[in-house]
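Under my numbering, the first residue of the sequence shown is numbered 400, with each subsequent residue one higher.
These aren't lab readings, by the way, just hints derived from the structure by calculation.
Incorrect hints may appear among the rest.
Estimated spans, in silico, between C-beta atoms of each pair [claimed, not checked]: (1) P603 x E1052: 35 to 43 Å; (2) Y1232 x I1318: 25 to 33 Å; (3) S1265 x E817: 38 to 46 Å.
For lysine to aspartate or glutamate, the following EDC-like pairs were computed, each having C-alpha atoms within a straight-line distance of at most 16 Å [unchecked claim]: (4) K788 x D820; (5) K625 x D671; (6) K536 x E673; (7) K997 x D646; (8) K807 x D904; (9) K641 x E700; (10) K822 x D904; (11) K570 x E540; (12) K997 x D671; (13) K822 x E956; (14) K997 x E700; (15) K947 x D888; (16) K917 x E875; (17) K625 x E956; (18) K536 x D646.
Think of the CB as a built atom: it goes at the ideal place given N, C-alpha and C, for glycine as much as any other residue.
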Amino acid sequence: MSDKNPPIPPCFDCGDDPINRLIEMFVGIAQKKRIRLGQRPAERPVFRKLHGVAHGRLEIAKDIPADLKVGVFAHDDLTAWMRFSSDTSPTSPDLQSTVGIGLKVFGVPGEKAYGGVGDTADFILQNYPVFFVDNAKEMCEFTYAGVVQGDYPTYLAHHPKTNRILNEMAKVEGSVLTTTYWGILPFGAGQKQAVKYRLDPETPPENVANDAPDYLAVDMANRLSKDDYRFRFMVQRRTHPKTMPLDEATVEWPESESPFIQVATLVIPRQDVEERGQAEYGQSLAFNIFRVPPEQAPVPESSIAAVRKAVYAASADTRHEANGQPLRDPAQPREVRLPPETPPDTCIVKAAIYPSIGVARVGNSPDEWYLGPETPDPEPLPPGAYRDKKGRLKRQAARFRVYGINAKGQIVRELTGEGDDAKIAWSVELANTKSAWYGFQLALDIPEAASAPPTVLRNAAVTERSRLSITPGAREVAGRNARPKTFDDGEFMGQKVYLGEVSTDAEGRLIVLGGHGKSASCDGSWAITFANNEGWYDDISDGPVTAKVSLNGTPLEVVPAWVVVAPPNFGPQRKSVRTMWDLMRDVAITAGTLPAPKRPSFTHDILPIFQRLAGLQWVNAGFAAGFGWRGAFDVSTPEGVARLADRGPANQEIRRVLANSFRRFDVDSWSPKPWPWLYGDAMAIPPAPTPRQNCALSDCQLAMLDQWAMGDFEDDYDPAYAPPSRIDQVPVHLQGDVLTRAALDFCLADAFHPGCEMTWPVRTATMYMEPFRFAHVLPDWVAPNLGEVLTSDGMTIPNGPLYGQVPGGITRWMAVPWQTDSASCRSGYDAAYDPYVPAFWPARVPDQVMTRENYEILMDEKRPLSERRAAFANRAAWIDPLGTTSYTDQINNMIEHFDHLGVVEVLPGPGDSDAFPKIVEVEDRRKTIHDVIPKSGKGPRSLKSTAHQGAAHAGAPGTNRQVDISGIDKFRRFPLGLPVQFK
400 MSDKNPPIPP CFDCGDDPIN RLIEMFVGIA QKKRIRLGQR PAERPVFRKL HGVAHGRLEI
460 AKDIPADLKV GVFAHDDLTA WMRFSSDTSP TSPDLQSTVG IGLKVFGVPG EKAYGGVGDT
520 ADFILQNYPV FFVDNAKEMC EFTYAGVVQG DYPTYLAHHP KTNRILNEMA KVEGSVLTTT
580 YWGILPFGAG QKQAVKYRLD PETPPENVAN DAPDYLAVDM ANRLSKDDYR FRFMVQRRTH
640 PKTMPLDEAT VEWPESESPF IQVATLVIPR QDVEERGQAE YGQSLAFNIF RVPPEQAPVP
700 ESSIAAVRKA VYAASADTRH EANGQPLRDP AQPREVRLPP ETPPDTCIVK AAIYPSIGVA
760 RVGNSPDEWY LGPETPDPEP LPPGAYRDKK GRLKRQAARF RVYGINAKGQ IVRELTGEGD
820 DAKIAWSVEL ANTKSAWYGF QLALDIPEAA SAPPTVLRNA AVTERSRLSI TPGAREVAGR
880 NARPKTFDDG EFMGQKVYLG EVSTDAEGRL IVLGGHGKSA SCDGSWAITF ANNEGWYDDI
940 SDGPVTAKVS LNGTPLEVVP AWVVVAPPNF GPQRKSVRTM WDLMRDVAIT AGTLPAPKRP
1000 SFTHDILPIF QRLAGLQWVN AGFAAGFGWR GAFDVSTPEG VARLADRGPA NQEIRRVLAN
1060 SFRRFDVDSW SPKPWPWLYG DAMAIPPAPT PRQNCALSDC QLAMLDQWAM GDFEDDYDPA
1120 YAPPSRIDQV PVHLQGDVLT RAALDFCLAD AFHPGCEMTW PVRTATMYME PFRFAHVLPD
1180 WVAPNLGEVL TSDGMTIPNG PLYGQVPGGI TRWMAVPWQT DSASCRSGYD AAYDPYVPAF
1240 WPARVPDQVM TRENYEILMD EKRPLSERRA AFANRAAWID PLGTTSYTDQ INNMIEHFDH
1300 LGVVEVLPGP GDSDAFPKIV EVEDRRKTIH DVIPKSGKGP RSLKSTAHQG AAHAGAPGTN
1360 RQVDISGIDK FRRFPLGLPV QFK
C-alpha cells in the first residue's frame, strides 16, 4: 500500500460522468458480484443489514405553515411502511454502524419527480446530519479508492474531513426507535424554497454500547411488542444561502439560523414485526428520494441526489430481476393483519379426551388415593395427605375429561361435568408386559448402545410368552359415580395380579387407579439387579383410554388418550429441570408438528428452568448448596428474578453467562460441571468417555435460553402473577393442554437409564398421532416377531414398537421391578469430585432431604441461630431406611417396604428470621426397614426374618456411603469400552 492513491485514469471519467461510474461500481462490480457468487436473495448494494420492517401512519399536522403544506404534507393522514437498516453487511455487528430508515407512504397519487405517476412517496434518512463527501465527483473518487483499488485507508489519510465524518457516523445507537434521523440533502418545498428533513424520536435514547451482533433487531422487536413509538417529522427552511449550500453535502445547515418545524408525526403502533412475511415485504420494497411529488423533488443543484436517483434505480432493478420479482411500486400497502373479530366457532364436530397422557401412581394403601396434578403449579397437599392412617402410601389417581372440539380442533366446552346432553361410555385397558419384553441395557436410540451388551428377551427360557404378560383386558364404565371396575384377572405365570381399577366421579369424569406397588417373583428368588430380575413382575402398567360419546343423540368421533401407571412420587412438588413435557414438546417441534416458539416467554419458558434448579434443593444437598436458599447461584429472590426478567443491555452479560452455564454436548463433553448436574443416558462408573455421561436440556430449551441471553424474549414477568392452581381457574379452551402439561411436567426426562415413568422411545416422533398424544395400534395390527435380540432393524419396522402402541407398550421398557431401579439411583458416585452431584432423578427419588428432627430444630426460636442454620443446611440420605448390609438387601428391602421411605412435604418455615425461607420442604417420615432377606441368604421369597437388622441412620448427615454400589451392573454398561469416536 502506497502513501497516496494512484490517480484515477482519465478514461474512468469521475469528473465528467460520475453517475454512470458510480452505477458501475455499486451495481456492476459490487452488487452483481455478490449475486454471481450465490447471494440469495439478492440484496441492496447499501444499507444491507435489516433490523426490522414496521407499519405505521404519517399523521399530518393541522397547523402547517402554508408554504410547507405541499406535496405529501398537503394530504391527510397516510399509511406508512418503513424499513430500518444499517449500512453494513448482514453478518456484521450492529454496534457503531450507520443506521437508516426508508419510509414509504401510501395515498399520494399523481406525477412523481422520479418520472411517471404513482400512489406512494419515499423518504430516506440516516442517523447523522451530513454526508461524508460533498458532491458526486468526490463520491466517485471515494468509491473508486475502495471498490477498484481496495484501499480506503490511503484515501482517508489524504481526506481528513471525510475521515472525520465517517468516524463520527460510527455512532452508538441503543435503538432504531429512539434514534434521530436526518434527510441530509436539500429538497424542494414548492417552487421557491428548499428544505431539509429530520425525524425526532419522542422516546429519549439510551445509547450504551452493546456487543450482541443483532441487538438492534432484537430491541426493535421487543419494544414494538409492548408499546407504540412516535417520531416528530421536522422540516428546516433554507434561509441563508451562504451558510446553507445546496451541493455541499458535508455542511450542516445551522439550526440557529433556521429552526426545525414539525409538520407531521410518524406513529409506529405496537405490532409483531416478526410476523411471517412482514420482513420479506419490507425487503421487496424499493426506495428512491425522487419518488415524491415534483414540488418536493431533491433540488437540481445536489449532485449527490442525482447519484442516489440513478444508483438506487439501477440497484433496485438488478435486485428485483435476480430475485424474480417485478420492479413495481405497490399501489396498496401490505394489509395489516388484525385478529379477526368473528364470533367463536361453537360447532362441536368431535370429542377429545384430556389429558392426552394421564399419569397414575402406585401406592400400598388398600383404599385411599388422591388426584394427580391438574395444573402445572398445583397447591401442595396438606401434610399427611399422601399416607393413610397406618402410614401406607396412597395411590395417585389420573382423572380424564371429554371435551367437545370444533373443526379447527379447538375446545368448545367440556362434555363431562354439568349437563345431560352428552352420553359417555369410557373404556380403559391396562397391561404389564415388562417380563415378556426385552431387558434394559441402554437407551437404544443413542450411538453408545452399540457398545452395551445386547438387548435380549427377559425370561427367555419361558416358551409360552403369554404367561409373562399381565393383560386383564378392557374395563368399561359410564355415567356419573360409576362403581369401580377392577383389573384383577390378569396373571403372571399363573398367579393373578391386580393392576388397578376405573370408575367415574360425580361429573362423569374418568378416574384411573393403578396397582398397590406389589412386586414379587414366581419362584421365590430374591432380586439381584437393578432392571432385569428374572422371574419377577410388578404392577406398573399402561394402556389406551377411549370413549364412546354422543351429543344430543349424535355420535361423535373421539380422539383417544393414554394412561401410564408409574412408581410413587416421593417429591410431589418437585419438577426436574427437563420434564417429560419439555422433551415431548421438543420432539414435536423437531418433527414439524408443533411450531417452535418465536420468542420465549420469560414467565413460562425461562423462569421455570431456574425455579426447578432451585426447587431441587429439597431433594439433593448439592443443588441446595448451588441453587438453594442463598446458595452460590440462588436467583430465586425477587431481586434476582427481576434481574433475569430485564431484557435490557445492563443485564445482558448476566444472561449470557447463565445461559452458557448449561451443558452443550458439542462444547462440554462429559464434564460433570455444566448444569443441570444430572446423569445422562450413557452414564457409567467410572465416567464413560461420552457427552451423554451427563444430561442436557432439550434443544428447544437451549434455543430459548440463547434467545433470552440476547434479550430476544417476552419480558412478561409480573411479581404479582399467581399461576392457576386449579383447573377450573383456566379458561375452558386452554384446559386440555394445561391438563396434559400438568401430568407430564411431573414426569422425568433426565437419564433414560431406563427412567422413572417412561423411557427413551418417547423421543421418537413415530410414537405420536399428534403432539403429546401416543398413537394406538390399528384394530388389525399383528405383532411382529422381533427375535430374541432386539436390533435397530426390529425397532424401526413400520408396525414395530416405535409406532402405534399396544397396552403395556410404554412401561414394558422399564425396570422390573421398579423398586430395584429406584433404590439404585443415587447421587455423587465420584465422592472425590462431589458427594452429592451429579444425581439420578432427585425430583422423584430424593437423594438427601431435611429430616423432621432438623425441621424441629429449625423452627425452635429458642435455639441459637447458628444451630438452626446448621440444621437447615443438614441433609440426610433419603435411602437410609434401606439399611447398610448390602446392595442386595437394600433393593429387596425397597421392594417389601417402599412406603417406609419419606415423602417430601411442604411445611411453613420460621417466621422470626429472614435467615430462612418462608416455606420449606421436609421428609414426612423415615422408618427403619429390617432386612427382609434371612441372614443366611436362603429361604423363600415370602419369608421375613429379623435375624439380621440392617442399620438405618435416621437423621444422619450427608449421603449413605456404607454400601458401595458403584460396581453394580447399572453402572457397568460398557464391558468392552467405547469406540474412539466417543472420546
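For which of the previously enumerated hints does the structure constitute a violation, in increasing order of number? 1, 3, 4, 6, 7, 8, 11, 14, 15, 16, 17
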